[in-house]
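Novice: Each chain, letter by letter, is given below.
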Amino acid sequence: MATENAGGGPVEYIQHHLTNLSVGEGFWQLNLDTVFFSILLGAVIVLVAMRIGRSLRAETPNGLQNAVEGVLEFVDDQVRDSFGGRAPKIVAPLALTILLWVWLMNFMDLIPVDLLPAIASGLGIEYLKVVPTTDLNTTLAMALFVFALTIYYSIKVKGLGGYIKMFLFHPFGKFLIPLNIVMTTIDELAKPISLALRLFGNMFAGELVFLLIALLTLGASISASLLIWFPLQVVLDMAWIAFHILIITLQAFIFMVLTIVYIAMAHTLDEH
Amino acid sequence: MSISITLLAQLIAFVLMIWLVNKYLWAPLSALMEARRKKIADGLSASERGKHELKLAQERSTELLREAKDKANDIIAQANSRSNQILEEARDNAKTEAERIVAQANTEIDREVNRAKEELRTQVADVAATGAERILKREVTDKDHESAISDLIARI
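Order-wise, the sequence lines are chains A and B.
For the first sequence, my numbering begins at 270 and goes up steadily by one.
For the second sequence, my numbering begins at 3 and goes up steadily by one.
I should point out that these hints are in silico values taken from the structure, not numbers from a laboratory.
Warning: the hint list may mix true and false statements.
As the list claims (entries may be wrong) - Using 16 Å as the maximum straight-line C-alpha spacing, the simulated EDC-like pairs for lysine to aspartate or glutamate come out as follows:
(1) K425/A x E395/A
(2) K40/B x E328/A
(3) K427/A x E395/A
(4) K358/A x D345/A
(5) K358/A x E101/B
(6) K41/B x E457/A
(7) K358/A x D346/A
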């Protein structure tokens, strides 16, 4: 490893990188960087969408419109596969939002870990965590919204009685009602929690690996050992970026598909 | 790292994003794609219909052509029979005319013959009278008489 005493040491370096720029304390802590970057990326999506929307052509779609149409078609296919045609109107836009937005937020992971924080510190901002999906608040917020939608559609489709019955008689029939309540509650709660933690965990771990790779030459002086560590760092970084491109896409896709599946499951009348 | 008010902010941002994505991306583009799908389907069915109509028109045109040919053949046959008929009539007319002319000529000839006979008869009578005169001027004998008569007869 590189020098331990320069730059405040690896632990401090990592902790610095994992600290949000925030205001407020405890529950009232608002992570400004998370909110800023997620809104920024959302704005990018909306602006690009508006730009495409200005020059929509039905007969001869241009390059960008083609690409977006491809994504739209892909999302629509996923929704159709799960719902078999009769999906509520919110599902497809919701899935599209998740795919695009989560992917873009994950993409922030691929920007060199020290680049934006360094610029920010140059501007006098001490902490900056650029990947919104490495903040559990972001992933859990989306997961909870999806969870709320599944409850809403469960009650809408099955009725309130049907929804309660699902807790009472699922999965072990009517003789183990107390156990059923516990099991179904765990089952239901596991959905949003796993949804949130999967994305958060993957992105957080990915960020951490980038930080560890960055640590290889952190604060290193010009010396012979740098000749070994620097090429190794470059190779490792490239390998991890290549792999991470796959992960960010996969995680965005998984989040979208699971959202569709959970809402589709809420529409099935009898789960037995 | 902990759950905080950021979650609420992100939740609001998420809901807003869904609304915005739906308004600016999903709704216009999916409407456009749906319209295009419909247009393509319409175009395909129209072309199918056109093909069908073309086939019908072709069938109809061949039918018309066949009818026209039939009609033309009929007309030609009719004209042929009519010309034959005219020819036949003309031939018949010529024949009757010729017969009429021949008959007329025959009657003419008969009449001429009769006239000639009549003339001859008057001449014979004249000759007979002259002969009788001459005979009577001479001595009338049976013999003479007889010879005169036979002479007459021979002259007739």
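Novice: State for each hint whether it applies.
Specialist: Against the structure, the hints:
no.	hint	in the structure
1	K425/A x E395/A	violated (48 Å)
2	K40/B x E328/A	holds (12 Å)
3	K427/A x E395/A	violated (51 Å)
4	K358/A x D345/A	holds (11 Å)
5	K358/A x E101/B	violated (108 Å)
6	K41/B x E457/A	violated (44 Å)
7	K358/A x D346/A	holds (14 Å)
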